[in-house]
Amino acid sequence: MFLSNLERKFLFIFLLMPFQVQAILNLELTQGMVGALPIAVVPFEGQSRVDDGNNIAKVVSADLQNSGRFNVLPVSLMKQFPTNKENTDFNQWKNSSVDNLVVGKVQSLGQGRVRVEFSLLDVFKGTENGANQNPIALTQTWEINSKDLRRIAHRISDLVYEKMIGQRGIFSTRIAYVTVQSRGENKNYKLEIADADGYNPQPILISPEPIMSPAWSHRGRKVAYVSFENKRATIYVTEVATGQREKVSSYPGINGAPAWSPDDSKLALVLSKSGFPKIYILDLKTKALQQVTTGSSIDTEPSWFPDGKSLVFTSDRSGGPQIYRVYLTDGRIERLTYSGPYNARASVTPEGNKMIMLHRAEEGYTIAFADLNSGSVQLLSRSGRDESPSLAPNGSMVLFGNEYGVLGIISTDGRVQLRLPAREGEVRSPAWSGFLS
Amino acid sequence: MKDVKVYKTSILYSALLHVLVLNFLFFSFNFYKKVNYVSQSSVMKASLVELPKPMLPQENTKKEIVLSQEEKLDVKKKLPLVEKPKPSKVIEKPATEVKKLVLEKSIKIENKKTKIEKPVTTKNEIKIEKNKIKKEEKEIEKKAVMMKQQQAQKKMEEKLWAEQLAKEEKQLTLTKEQQAQGVVNKYNALILQAIRSRWILAESYSPDLSAQLLINLKSDGTVLNVELIKSSGNEGFDRSARAAVYKASPLPVPPETDLFNQMKVINLVVRP
Chain A
0 MFLSNLERKF LFIFLLMPFQ VQAILNLELT QGMVGALPIA VVPFEGQSRV DDGNNIAKVV
60 SADLQNSGRF NVLPVSLMKQ FPTNKENTDF NQWKNSSVDN LVVGKVQSLG QGRVRVEFSL
120 LDVFKGTENG ANQNPIALTQ TWEINSKDLR RIAHRISDLV YEKMIGQRGI FSTRIAYVTV
180 QSRGENKNYK LEIADADGYN PQPILISPEP IMSPAWSHRG RKVAYVSFEN KRATIYVTEV
240 ATGQREKVSS YPGINGAPAW SPDDSKLALV LSKSGFPKIY ILDLKTKALQ QVTTGSSIDT
300 EPSWFPDGKS LVFTSDRSGG PQIYRVYLTD GRIERLTYSG PYNARASVTP EGNKMIMLHR
360 AEEGYTIAFA DLNSGSVQLL SRSGRDESPS LAPNGSMVLF GNEYGVLGII STDGRVQLRL
420 PAREGEVRSP AWSGFLS
Chain B
0 MKDVKVYKTS ILYSALLHVL VLNFLFFSFN FYKKVNYVSQ SSVMKASLVE LPKPMLPQEN
60 TKKEIVLSQE EKLDVKKKLP LVEKPKPSKV IEKPATEVKK LVLEKSIKIE NKKTKIEKPV
120 TTKNEIKIEK NKIKKEEKEI EKKAVMMKQQ QAQKKMEEKL WAEQLAKEEK QLTLTKEQQA
180 QGVVNKYNAL ILQAIRSRWI LAESYSPDLS AQLLINLKSD GTVLNVELIK SSGNEGFDRS
240 ARAAVYKASP LPVPPETDLF NQMKVINLVV RP
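Which chain is which? The protein sequence lines are A and B, in order. Sequential numbering of the first sequence, starting at 0, is according to numbering that gives the first Met the number 0. Sequential numbering of the second sequence, starting at 0, is according to numbering that gives the first Met the number 0.
The hints are simulated quantities; they were obtained by calculation from the structure and are not laboratory data. We put the beta carbon where it would ideally sit given N, CA and C, even for glycine. Please note that a few of the clues may not be correct.
Claimed, not checked - Derived CB-CB ranges, DEER-like:
#: 1; chain 1: A; residue 1: 262; chain 2: B; residue 2: 188; range: 46 to 54 angstroms
#: 2; chain 1: B; residue 1: 188; chain 2: A; residue 2: 106; range: 33 to 41 angstroms
#: 3; chain 1: B; residue 1: 223; chain 2: A; residue 2: 73; range: 33 to 41 angstroms
Could you build the full structure based on these sequences and the hints that come with them?
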């Protein structure tokens, strides 16, 4: 041994001393301002400023602004257009009261391929006052087909959102909905899927008979829906990539409201084969059917808790429609809502502590946010004519329809509400997908 | 290797000693002040105790308040002068008397010892001499005891005086500390305000979140770096707090070095 025990102890104290000496001031900070983060999305070099749907800066700006969490600086107020940290004058951006900067460029590689470079910069770290730390918060390069520029733009929005807000972004997710066109006496129903911002719509099914209740599988590969194309309610599952579809439920009477289990192996659905609409669970592999609720009440609109061990559903068992929870292990049922005469179509947040639902208030039918622990109900929309709320996979936004057939998105903190681009005819039954990757 | 073994202990202890001295310096330990203080109190005359209690602490406090607005550092230099009575020349006398007596005693004893050492002819003479010596020794002893008592009394009085002085000193440093604490508190509030006003929460984060940051400041308040000691588990929340600290740079800090030293490292706990 080089040092004796005692000497080692002394050495330890000797090493420790400078740290003991340092006086540290302890402070506690609470109550920041609730607000939107000031950010600038600089037009990417190599792209025209025209909004042709593939303009990365325009797509990212819209994504971030529409999330309600960001305050995006208009391009007209920008004094410089950097593409990376080297050609960025951080002090000027600081003077524009911008905290973060999205910069990048698009280079053509020929044969329809492009290279996309992107960086997220911290303005306060780039200025002299910011101790000259590395201002790059994120940086990434892709080589893609030029037709995927919009997809990459949403990917950039997701990365920025996750870095700055601390939860996964939903800009690369998709939605499904049903459009209804009336031609005189005849109606034309169309099941469509689209990007989360309403762009890039693709039809899945066109039918002269009603289509209802589309539901995305959590990994976004399949859509389950109810179609009356055979003059009676039938539940189908369509694989989005191939268009292949499978009939999963066509019992006599109601076949409705399919809901995917968290692992996408089962569907919760409503069947009235026993005489009353009841909740069942269908194993998609074994086709085994399990009845979850019994009795003479109307039970409908099942939705899974994130742990897959219980469901919420709407039931009139105590009079008007209210939300109940059923535990799959022992069949125990508890009532969740007591506020107001009408609560329906609930879905639980990823954390499992809150749910969104359709709630009748004085104004009429509104989207509401209920705290499962406290039971408190907070109204999100105020139009009084809303319907079919569907929760985004990160729990931050709700997609919903209204009685005029227009889709809207509202943030669960109520700060942002916007409309999706209009479609021909009325739009019904919107459904938000899970995370696609 | 052997050489190292020989020296390593002494090197280690010298390093330790250095660190100790550096620590004293770091805390601006005033060696001179302490030394003066000790010498003065030990020579202090007893009668001074009966003097009416000085109003010094209060007066000084007032002065200090006035001074603090101008120059804090001067207070330190001025205060000892006002506070401590100068040792008078009278005090030196008893000390010298004691010395004289002790000196006489030792001389006498020496004399007697030499006498004893002389060859003595008769036993009587020796006895007489012995008695004389004894008597003298007793007297000397008596005197010595008296001196001791006097000294003890003096020491007691000195001790009392020292205690009082220490008390006053303590009170003074306390008020000084309290004032310094007041200034520190003021800057704490300013720092928190500066950060809070730049802290944007874009998401309704769970109130259970809590992050811990260690902030290092330059003497002008510039944020040197912000270290994330404990993450809240939510990157966005952690970022929002760090960004707020950087954006608040330079933070408001006191110009006085000793006060700044108390806040150059800030341990900041953040909750939504």
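### Message
Is 33 to 41 angstroms respected by the C-beta to C-beta distance linking residue 223 of chain B and residue 73 of chain A?
### Response
holds, 35 angstroms
### Query
Should the hint that residue 188 of chain B and residue 106 of chain A are 33 to 41 angstroms apart at their CB atoms be regarded as holding?
violated, 52 angstroms
### Query
Okay, residue 262 of chain A versus residue 188 of chain B on CB: inside 46 to 54 angstroms?
holds, 52 angstroms
Hint compliance for this structure: hint 2 is the single one not met.
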